[in-house]
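Student: The lines below spell out each chain.
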Amino acid sequence: MEGASDRQDTSVYADIETIRLPFLDDYPLYIGLFSHLKNATFLRKQLLEGNQDFEYALIDATSILSVKHVLAAAFRAINDMLHGRLRSRNVHSEIVYSLGANNNITDAFRHFGILDSTTALLVIKVGRASSDAAVTHDSVSAHLRANVEGQLLPFNDENIVGLSDMAKIRKLYKITSADAAGKGGKKKGARADGATNGVKAALDGGGKGGPLTAQEERVEMEAVILGTMAMKGS
Amino acid sequence: MTSHSLPAPFSNASSAAPALLTQGAEALVYKTVFLSADTPCALKYRPPKTWRHPILDRRLTKQRLLSEARTLTKCRREGVKCPGVLGADWDAGWIALEWIEGYTIRKCLDKFLHGLEAEDIASTNKEAENKDSEEAQKRSELWDLMARVGRAVGRLHEIGVVHGDLTTSNLMLRPPQSLREGAFDAEPGAAPSNDGPEDLSGDVVLIDFGLAIQLVQDEDRAVDLYVLERAFSSTHPTAEPLFKEVLRVYGESYKGAKVVLRRLEEVRMRGRKKSMIG
Chain A
513 MEGASDRQDT SVYADIETIR LPFLDDYPLY IGLFSHLKNA TFLRKQLLEG
563 NQDFEYALID ATSILSVKHV LAAAFRAIND MLHGRLRSRN VHSEIVYSLG
613 ANNNITDAFR HFGILDSTTA LLVIKVGRAS SDAAVTHDSV SAHLRANVEG
663 QLLPFNDENI VGLSDMAKIR KLYKITSADA AGKGGKKKGA RADGATNGVK
713 AALDGGGKGG PLTAQEERVE MEAVILGTMA MKGS
Chain B
975 MTSHSLPAPF SNASSAAPAL LTQGAEALVY KTVFLSADTP CALKYRPPKT
1025 WRHPILDRRL TKQRLLSEAR TLTKCRREGV KCPGVLGADW DAGWIALEWI
1075 EGYTIRKCLD KFLHGLEAED IASTNKEAEN KDSEEAQKRS ELWDLMARVG
1125 RAVGRLHEIG VVHGDLTTSN LMLRPPQSLR EGAFDAEPGA APSNDGPEDL
1175 SGDVVLIDFG LAIQLVQDED RAVDLYVLER AFSSTHPTAE PLFKEVLRVY
1225 GESYKGAKVV LRRLEEVRMR GRKKSMIG
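From first to last, the protein sequence lines are chains A and B.
Residue numbers for the first sequence follow the numbering used here, so the first one is 513 and each next one is one higher.
Residue numbers for the second sequence follow the numbering used here, so the first one is 975 and each next one is one higher.
Some clues are possibly wrong.
As the list claims (entries may be wrong) - Residues from chain A shown here face chain B by an in silico Cβ test under 10 Å; the list is partial:
#1 I531
#2 P534
#3 D537
#4 R588
#5 N591
#6 D592
#7 L594
#8 H595
#9 R597
#10 K686
#11 G739
#12 A742
Claimed, not checked - What follows is a list of derived Cβ distance ranges for each label pair:
#13 B/S1114 <-> A/K686: 40 to 46 Å
#14 B/E1108 <-> A/L594: 53 to 59 Å
#15 A/S643 <-> B/D1012: 27 to 33 Å
#16 B/R1204 <-> A/E728: 32 to 38 Å
#17 A/K557 <-> B/S979: 45 to 51 Å
#18 B/K1005 <-> A/R601: 35 to 41 Å
Claimed, not checked - Chain A regions said to be covered by chain B (calculated; three or more residues, Cβ under 8 Å):
#19 570-584
#20 729-737
Because the hints were derived from the structure by calculation, they are not lab data.
These numbers come from a predicted model, not from an experiment.
Here a beta-carbon is modelled for each residue, glycine too, at the ideal position from N, C-alpha and C.
Turn these sequences into a full structure, and let the hints steer you where they fit.
Tutor: Here is the structure:
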């Protein structure tokens, strides 16, 4: 590992992640998480022009809460594709649409899709294990490394948390602290701005009182977000 | 209902088949994983009812599935402890729910009431000092658990939801994360020990919202409590004083709870059904 210790660039070690969702393992997901993105405008242009080589879900990573948030959107999109229920052009745009809190496709792309100003990017490619041998981990990896100007990070909760804009995510899914200000019917109006804390757990006797830790808050937000996404279109 | 095959994609043979846990009148509940191999989930599947007209059947399935999903998500938004919704497909009839690790309150009562006499349970702490400390410990843990049950139900009712099937089997004790690690997490999918928890610490979590309704009145809330009371007294006759503690804490848990408790007395007099029809 000569010279490895003094390298700053973790992308040397990071790789495009291959994830197989349980029950949908015929559709492997190739996922890349990039920080310090420099060519959002170029990537977005390829998307708008319908360049077939850039058939990806291109997501602004600041709108993403966790790994499961992403996987839930992918599951929904692939499952809807298999049932002939896509609301958008293809499974990749459907992943972006699936992230949205309501049925408005334009809103979903504005809130979760890549924008010219995007500097943190999550890229997903849905493969086809059985028939589509052209799309492989290596082909996706090579294409993204050649075309995305940014720093590739391992796709995990720690790195996602480092990029997410919690205030924005709360707003997108209408999660406010006033929604669950605690017990006793006390609606704490002063907290309604949601400035510091998001979802609050009921102050159950068995748990500790007081505000949630950042980690606990993310768990609560994830539950609300996944539920919201699951019921979309009903 | 006899054997049912799960809808796609859960019928996919390349993944481990979900294990059937319970079969109710409306739905089958399986244990499986969702989104990742280390995320256990309860998969609730409402198979088509062949005796119903297909259009009506689809509409009812969708309605009931979505009602459950909406209520659960509302509860999580408001900080009520219950399973989160991980995914759903109302056309196919399934909903994937967060797996709640732990023990039913029924199981906890079974274990902790065992060996305790009715008068032991009711006795105050002062008298308890003469008793051996292990029993005193058990008793105080039980009383504390009852307070948590009262608060959990109170919080649910406060946000305008009634459960509709509030039994001691639909209330879970989820041990603190620190105790769950090792006990369950070492082997995802491993059943918790059959003899119940070692102690009664943890959160009270409500499960099975299949019959839950929103926009409720005090009458509905009172009936919820009445059903729970009957569940207590029928399976744990010695637990009557404990249920009083549930109601006491419930009464203090939100504005309006006292009115519901008064309503409960009326419901007790006449039984669960308000109208004499049906």
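Student: Next, verify each hint and record whether it holds.
Tutor: Results for each hint:
| no. | hint | in the structure |
| --- | --- | --- |
| 1 | I531 | 8 Å, holds |
| 2 | P534 | 5 Å, holds |
| 3 | D537 | 6 Å, holds |
| 4 | R588 | 7 Å, holds |
| 5 | N591 | 6 Å, holds |
| 6 | D592 | 8 Å, holds |
| 7 | L594 | 6 Å, holds |
| 8 | H595 | 7 Å, holds |
| 9 | R597 | 8 Å, holds |
| 10 | K686 | 9 Å, holds |
| 11 | G739 | 3 Å, holds |
| 12 | A742 | 4 Å, holds |
| 13 | B/S1114 <-> A/K686: 40 to 46 Å | 42 Å, holds |
| 14 | B/E1108 <-> A/L594: 53 to 59 Å | 57 Å, holds |
| 15 | A/S643 <-> B/D1012: 27 to 33 Å | 29 Å, holds |
| 16 | B/R1204 <-> A/E728: 32 to 38 Å | 35 Å, holds |
| 17 | A/K557 <-> B/S979: 45 to 51 Å | 47 Å, holds |
| 18 | B/K1005 <-> A/R601: 35 to 41 Å | 36 Å, holds |
| 19 | 570-584 | holds (count 4) |
| 20 | 729-737 | holds (count 4) |
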